[in-house]
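**Q** Just so you know, the sequences run in chain order A and B. FYI, UniProt numbering numbers position 25 of the first sequence as 25, with every residue one higher than the one before it. FYI, UniProt numbering numbers position 200 of the second sequence as 200, with every residue one higher than the one before it.
Since the hints were derived computationally from the structure, they do not count as laboratory data. Please note that the accuracy of each hint is not assured.
[Said to hold, decoys possible] Between beta-carbon pairs, the in silico distance windows are:
#1 B/310 - A/63: 41 to 47 Å
#2 B/336 - A/86: 20 to 26 Å
#3 B/102 - A/6: 16 to 22 Å
#4 A/40 - B/233: 31 to 37 Å
[Unchecked claim] Derived list of chain B stretches under chain A, where covered just means 3 residues or more per stretch with a C-beta under 8 Å from a C-beta of chain A:
#5 65 to 77
#6 91 to 97
No experiment lies behind these values; they were computed from the predicted model shown. Just so you know, even glycine gets a beta-carbon here, dropped at the ideal spot from N, CA and C.
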Amino acid sequence: MSNEYAILRVRVTAKDADTLRALLRDTRPDVGGRIGQDEDGSLSFDAYVSPEKAQALPREGVTVTTLDYDATATGRARQAEVGQGDQFAPADAVPQGLALKVKDSKGAKDA
Amino acid sequence: MSYLNIVEVESAVASLATAFPHTCELIDLPERSFEGRAAHALRIGTAEPGVNDAVVLIGGAHAREWGSCEILVNLAADLLHAHSGGTGLTYGGTSFTSAQVHGILDGLDVVVFPLVNPDGRHYSQTVDPMWRRNRNPAQSGGHPEAVGVDINRNYDHLFDFETAFHPNAPVRVSADPADPDQVYQGPSAFSEPETRNVRWLLDEFPRTRWFVDVHSYTQDMLYVWGDDNNQSVDPTRNFRNPAFDGKRGLKQDLLYAEFVPKTDTDDSAVLAEQFCKALRGVRGKNYTPQPAFDLYPTCGTSDDYAYARHIVDPQKGKILAFTVEWGKSFHPPWAEMEKIVLDVDAGLVQFCLTAGT
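Can you make the complete structure from the sequences, with help from the hints?
**A** So, in structure tokens, the structure goes:
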């Protein structure tokens, strides 16, 4: 969330629930999404942290994999995909929706 | 097409209300944001207000989860254009007939509030893309990192988390404005205009029976509760019972589980499963229907608040409440986000159909 430092997106994997709880209590990382459980019973989540905090996360039963070395830069690049001005300002400009609007066929079935 | 800026979200909502005056009503929310921005919602339906039960859909509470607004704006546009044109809707491999679209608009009030937190979205889209909260500086003490409140921790459900939860429960909330997890709950429940707007909307539509808050990410369709495991055996184990203070929030324990009648769990599960099934039909994405609680309990969230309203005040109607967690990142490239919009909107159309039957 800092403007001044790179923020990493990391995948944090803990061997079990107790390890995960202790990690979350101790480090309070900025968590993205929810916690997932892998087939081997380990638990993982994404976190957005500074490089220093990423180095502080690994411990007994915890592994950290970097997914994005500068998530802030990725986000800033994405800001270029935000509209400029107001595409709906003209009186006849209305959102159309993304679904196809299709006439019912004879064999149309409900979803 | 691209991500909508905050002016475009407002403009989109207003333009739909203007273009479809017989099926769409512009709702002016009473509270302005800290930076003075107005908020609007749409009521979509052919009947007079209050005749039908309502589905309330909100998005954009968390600033960095940009696509939530586009999901709801496009859903509104799809329903209104299809109804007007007498067509059905096709989202990839999932299709709905014109009769189904008419059934939704004739049988429900679909209330769409796509941008709950305009100040936060603007900041995320123009300054810090990872920003989550609103931009209220009241509790910051002048420190930039302490600006803002997490809107989805500012509702009143178990707001006093230090009393309600077990000391070892890793509750994802904080009383510290500078908490690095960006989950500062605010100085009091409903301290923020954004949460008060959502509360007002539910009060304004007393026939609301279903509520969906659109978030990202992890590809889930969640239903209550978020504070502990669900159970349908012991009604005394509930969030209002102080005998269980200090015992909530641990997984795989016998200390506590939150009561919910089995019929509500079953109805919620069916709605969530139908959502996921229609979504999967679009292009094969698998979303998981499940209760919100996991190892990371929550409090002060919109879905638990919406469902708890009828328990706290029996005069209020029961609302089955849900949270969508779309996608696998906060702001995917727009080309991917368009596909996610189709996924989730197919799920939401099916959700409305299932709710209305």
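**Q** Each hint needs a verdict: does it hold in this structure or not?
**A** Hint check results:
Remark: the range hint 41 to 47 Å for residue 310 of chain B to residue 63 of chain A is upheld by a beta-carbon distance near 44 Å. The hint said 20 to 26 Å for the Cβ distance between residue 336 of chain B and residue 86 of chain A, and at roughly 24 Å that hint holds. Checking the proposed 16 to 22 Å range against residue 102 of chain B and residue 6 of chain A shows it is violated: the Cβ atoms sit about 52 Å from each other. In this structure, residue 40 of chain A and residue 233 of chain B meet the distance hint of 31 to 37 Å, their C-beta atoms being roughly 32 Å apart.
Chain A is given as covering the stretch 65 to 77 of chain B, and this holds because 6 residues of the stretch bring a CB closer than 8 Å to a CB of that chain, at least three being needed. Coverage of the stretch 91 to 97 of chain B by chain A holds in this model, with 5 residues showing a Cβ closer than 8 Å to a Cβ of that chain against a need of three.
Hint compliance for this structure: hint 3 is the single one not met.
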